[in-house]
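Asks: Please build the complex by placing chain B on the supplied structure of chain W, with the hints as guidance.
Protein sequence lines, in the order shown, are assigned to chains W and B. Per my numbering, the first sequence starts with residue 1, numbered consecutively. Per my numbering, the second sequence starts with residue 1001, numbered consecutively.
One should not assume that every hint holds.
What the hints assert, rightly or not - Some chain B residues judged to face chain W by a derived CB distance under 7 angstroms, without partners named: (1) Ser1023; (2) Arg1026; (3) Phe1029; (4) Lys1050; (5) Leu1053.
Calculated from the structure, these hints are not laboratory results. Since the model is a prediction, treat every value here as computed from it, not as a measurement. Cβ atoms here follow ideal geometry from the backbone N, Cα and C, with glycine treated the same way.
2 protein chains.
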Amino acid sequence: MTIDYLERATELLAKMPGVGRKSAQRMAFRIIALPSEYALELAEAIRALKEELKVCEQCFNFSASTLCGICSDAKRDPRLICVVEDASSIKNIERSGRFRGLYHVLQGVLSPMHGVGPDDLRCRELLLRVASAPIDEVIFALNPTLEGEATSAYLGELLKGSSCTLSRIATGIPVGGSLDYCDEITMASAIDHRRNF
Amino acid sequence: MTIDYLERATELLAKMPGVGRKSAQRMAFRIIALPSEYALELAEAIRALKEELKVCEQCFNFSASTLCGICSDAKRDPRLICVVEDASSIKNIERSGRFRGLYHVLQGVLSPMHGVGPDDLRCRELLLRVASAPIDEVIFALNPTLEGEATSAYLGELLKGSSCTLSRIATGIPVGGSLDYCDEITMASAIDHRRNF
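Next up, chain W with everything else stripped away, as it sits in the complex (with noise of 0.2 angstroms):
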């Protein structure tokens, strides 16, 4: 019996996200027209994410050591942390190149209708960093959805008392967008926080 190693290729492959059975075949048979090299680079990558990719100790972004980059850069404002939800959000917001400060990633939000409690995030963990160093500011840079913002009022509730200042990141019109395209929450949000001149 031989194995159908482009079927197998193209069926692991569709399981990623946007990747339907017409792409993931496409990517097979790119992989097999592209020199070797790169397909053993693929397969090695691939393994080291789920092998090698550990956790960083104080941020909970994914690191190849036990500090992150961020966390164990030097030049890095450790007075300033900004919380999000996932490791995807900082290469978003590193890449804007706004951001000197550091990180907290909460691992999720607050979701009671799946079962996700405080307990289940890196909460305890925020409050512990907050409470033993001192922080200037904490800036909540969750996703703008139900969920996100219920879990950003929890955490500001939680943090009130501390002497950190307390920020979100703002909500508006997409730079480059269209009011044409613009949702009517959004539209409001960017009404009610408007700014002068």
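Replies: Relative to chain W, chain B alone:
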């Protein structure tokens, strides 16, 4: 120094067709979120695509052994040969369930612009197959592009002397498609090759 596993996987995944940086990053995070077995299986499947996959000696389809699954299937009609550009076309034709003969993968099309001549393709092997075994029909199923058409015409000319029927798959309006979105060349072909009820 620590390797940025995420960055490396993202970069490699972004080389896949139709996958940009953002999708590649989402894929990397999905790999981390899924169980370890998935990542290991995918890594192995990608490696095998390049290292284990061979080419069928008869039809040049991808194969795990000397003869591919189709060529070694006794239930297929060896007197019918369908000529295709590459192995991905075979997958699409097989899914239609309408062809029960064997294939012949040219591994490309004639393209003087890109320096691809008959000797770079499996043209000689096709002529040899037709000459050495009783073949009833050769069906051309190349992509209906300028280069695909030229290749079909070239091979048709060479096979004219043989006793087998030469045919080509139909061009026309895609089933379920709309005339509104049909280009004028396809429309012209659909009218020229109209069928009687």
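Asks: All hints, please: hold or fail.
Replies: Going through the hints against the structure:
1. Taken as an interface hint, Ser1023(B) checks out: its beta carbon lies about 6 angstroms from the nearest beta carbon of chain W, inside 7 angstroms.
2. The interface hint given for Arg1026(B) holds, since its Cβ lies 5 angstroms from the closest Cβ of chain W, which is under the 7 angstroms cut-off.
3. For Phe1029(B), the interface hint holds, since its Cβ comes within 7 angstroms of a Cβ in chain W; the closest pair sits about 5 angstroms apart.
4. Restraint check, Lys1050(B) versus chain W: the minimum CB separation of about 4 angstroms is within 7 angstroms; hint holds.
5. For the restraint placing Leu1053(B) at the interface with chain W, the shortest Cβ-Cβ distance is roughly 5 angstroms, inside the 7 angstroms limit, so the hint holds.
Of the numbered hints listed earlier, not one is contradicted by the structure.
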